[in-house]
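From just these sequences and the hints, can you work out the full model?
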Amino acid sequence: GENVEQHPSTLSVQEGDSAVIKCTYSDSASNYFPWYKQELGKGPQLIIDIRSNVGEKKDQRIAVTLNKTAKHFSLHITETQPEDSAVYFCAAKDYNNNDMRFGAGTRLTVKP
Amino acid sequence: EPEVTQTPSHQVTQMGQEVILRCVPISNHLYFYWYRQILGQKVEFLVSFYNNEISEKSEIFDDQFSVERPDGSNFTLKIRSTKLEDSAMYFCASSILGGGTEAFFGQGTRLTVV
Chain A
1 GENVEQHPST LSVQEGDSAV IKCTYSDSAS NYFPWYKQEL GKGPQLIIDI RSNVGEKKDQ
61 RIAVTLNKTA KHFSLHITET QPEDSAVYFC AAKDYNNNDM RFGAGTRLTV KP
Chain B
1 EPEVTQTPSH QVTQMGQEVI LRCVPISNHL YFYWYRQILG QKVEFLVSFY NNEISEKSEI
61 FDDQFSVERP DGSNFTLKIR STKLEDSAMY FCASSILGGG TEAFFGQGTR LTVV
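Just so you know, the sequences run in chain order A and B.
Quick note on numbering: our numbering labels position 87 of the first sequence as 87, and the sequence is numbered without any gaps.
Quick note on numbering: our numbering labels position 106 of the second sequence as 106, and the sequence is numbered without any gaps.
Quick caveat, the hints were computed from the structure, so don't treat them as lab data.
Be aware that one or more of the hints could be misleading.
As the list claims (entries may be wrong) - Only pairs whose alpha carbons sit at most 30 Å apart, straight line, appear in this in silico DSSO-like list of lysine-lysine:
hint, chain 1, residue 1, chain 2, residue 2
1, B, 78, A, 111
2, B, 57, B, 78
3, A, 22, A, 71
4, B, 78, A, 58
5, B, 78, A, 57
6, A, 42, B, 42
7, B, 42, A, 22
8, A, 37, A, 58
9, A, 68, A, 57
10, A, 71, B, 42
11, A, 71, B, 78
12, B, 42, A, 68
13, A, 68, B, 57
14, A, 58, B, 42
15, B, 42, A, 111
Encoded structure:
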């Protein structure tokens, strides 16, 4: 089955700096890659996703890149703000099934 | 904004007891899911449910677990004969379609087995 690895486990940046979180996946059949933000006491919330027919997607300060050949995808947050502090999870799945596999999470801390 | 709601937010149960975790998915969604997150670990898929039947389940979802949609709005996860290692945060999620569509998560139920 699919195995998703996520790095780093913790990341601390200064407000205004960029943050990059990287994930790799093992199953070449995976074609949907969402990123979730989880704040304390809340469920994961989708912030951006990318499908395998796209190499890059951007939404304001958030961007995701996908390299299908290398089987890795990354989340980029620019101009970080203290409210970006949370745990971020990457995930991967195949359209043809509903078993979504998550990475272990990255705890991002943005220091004011 | 429509959201997935879960009750209770925290459940404490004795080892060996049965628990039922409840979820109200977003009303026009057709696919429903349960995930769990053991403290400090990754979110793990348990089961997906569509058209009143399980569409997929993980190796975690054994005979101890069952899901049900008892009426048009609720989606439940039953855990029989709970074990200490069942202690985790359980998340319900729903999506309009399966495949590559966005899944919306509830806020979770923290299950503590003592």
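Status of each hint after checking the structure:
1. Note on residue 78(B) and residue 111(A): the hinted pairing is violated, with a Cα-Cα distance of about 42 Å set against a maximum of 30 Å.
2. Straight-line distance between C-alpha atoms of residue 57(B) and residue 78(B) comes to about 14 Å, which keeps the hinted pair within the 30 Å bound.
3. A threshold of 30 Å between alpha carbons decides the hint, and for residue 22(A) with residue 71(A) the separation of about 11 Å falls inside it, so the pair holds.
4. Our distance criterion of 30 Å between C-alpha atoms is broken by residue 78(B) and residue 58(A), whose separation comes to about 40 Å.
5. Simply put, residue 78(B) and residue 57(A) have alpha-carbon atoms about 39 Å apart, too far for the 30 Å limit, and the pair is violated.
6. At roughly 15 Å between alpha-carbon atoms, residue 42(A) and residue 42(B) fall within 30 Å of each other, so this suggested pair holds.
7. A hinted pair counts as satisfied when its Cα atoms are at most 30 Å apart, and residue 42(B) with residue 22(A) qualifies at roughly 15 Å.
8. Note on residue 37(A) and residue 58(A): the hinted pairing holds, with a Cα-Cα distance of about 16 Å set against a maximum of 30 Å.
9. Simply put, residue 68(A) and residue 57(A) have alpha-carbon atoms about 14 Å apart, close enough for the 30 Å limit, and the pair holds.
10. Distance check on the hinted pair: residue 71(A) and residue 42(B) sit about 20 Å apart at the alpha-carbon level, within 30 Å; holds.
11. Taking the CA atoms of residue 71(A) and residue 78(B), the gap is about 36 Å. The hint is violated against a cut of 30 Å.
12. Under the criterion of a C-alpha separation no larger than 30 Å, the hint pairing residue 42(B) with residue 68(A) is consistent with the structure, at around 23 Å.
13. For the hint linking residue 68(A) to residue 57(B), the alpha-carbon distance of about 26 Å falls within 30 Å, and the restraint holds.
14. The straight-line distance between the Cα atoms of residue 58(A) and residue 42(B) is roughly 26 Å, inside the 30 Å bound, and the hint therefore holds.
15. Between the alpha carbons of residue 42(B) and residue 111(A) the distance comes to roughly 25 Å, so the proposed pair stays at or under 30 Å and holds.
Violation of the numbered hints given earlier is confined to hints 1, 4, 5 and 11; the remaining hints are satisfied by the structure.
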